[in-house]
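Please construct the entire structure, taking both the sequences and the accompanying hints into account.
Residue 61 in full-length UniProt numbering is what sits at position 61 of the sequence shown, and the numbering runs on without skipping anything.
For the record, the hints were derived by calculation from the structure and aren't laboratory data. Check the hints yourself; a few may be wrong.
In silico lysine-lysine, DSSO-like type, Cα no more than 27 Å apart, as pairs [to be verified]: (1) K33 to K208; (2) K247 to K164; (3) K221 to K247.
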Amino acid sequence: LKPPKAYNSLQKGTLIWDPKPLQVKKIFEALKKGLNEYLQAHQAELDFLSGRHKDTKRNSRLFLTPFLSLCSPQKQIRSVERYIRKLEFHISKVEELYEAYCIQCRLRDGATNMKQAFSLSPSTKASRESLLELYRNVQECTEDMCFIEGALEVHLGEFHVKMKGLVGFARLCPGDQYEVFVRLGRQKWRLRGKIETDDSQTWDEEEKIFIPNLHEKFEIKVTELRGLATVLVGVVTCDSISFFTTKPQAIVVDITELGTIKLRLEVLW
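Pasting the structure below:
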């Protein structure tokens with residue numbers, strides 16, 4: 001997990017997609033859970049270091065251990081404490097953004113319902129003015145929601161995706177060559193691999209960093225290379241919600257409908 005970058009450069013009106021409240025809710029819950037996992041892990045590390053440091057200080061008094069031996073644990077403790085403070089700020093910022101998002105979502109829903117009610121009422125000058133004002137309110141709330149989605153996206157960290165190879169048993173033969181294309185929004189990763197005579201696999205790239213996206217899923221395409229010809233093996237999509245966790249995730253994706261060829265990846269957030 002990497003700390004978020006500044007997002008002051010984001011401006012209203014530059015985000016063109018429609019807000020997706022349900023998807024944002026899923027990502028927020030997964031993100032908050034993952035951040036709390038990191039927080040708990042580092043809190044446990046801090047407790048361990050603090051306990052060990054107390055033991056070291058006690059032993060130093062008993063056995064006159066040089067003072068310099070105490071410096072390293074203190075530095076470790078301060079480093080973990082700083083990281084915990086960063087995580088706590090990260091979590092509070094994400095919660096603040098999502099709370100603001102929910103407020104704008106409720107305002108938009110209310111304005112939309114009122115707009116529908118006014119559109120069914122007899123047309124008068126007052127009703128037309130009210131309808132126009134409600135339309136502007138809906139547009140403003142929609143724009144604010146898109147802006148907050150962009151700000152929230154900055155806090156999603158990074159996915160480190162490692163290629164672990166294809167699994168196909170009888171389908172994979174020595175000499176076979178494959179191309180794997182992974183896409184997440186505008187981010188792309190294209191790599192080629194070969195099945196060796198000892199059934200091992202060699203790939204021209206092994207790892208790629210992807211920036212998580214609120215609205216896009218991973219799209220994976222596998223193609224078999226046969227000389228100048230190519231044969232499509234399969235195209236699948238993979239949701240990233242389960243990747244927001246402290247532990248590396250081993251992913252096995254069925255590339256063919258029957259699962260005769262699978263792709264193995266490892267994702268670290």
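Hints, verified against the model:
1. The suggested pairing of K33 with K208 holds, with an alpha-carbon distance near 24 Å, which does not exceed 27 Å.
2. The suggested pairing of K247 with K164 holds, with an alpha-carbon distance near 16 Å, which does not exceed 27 Å.
3. Between K221 and K247 the alpha-carbon distance is near 26 Å, which keeps this suggested pair within the 27 Å criterion.
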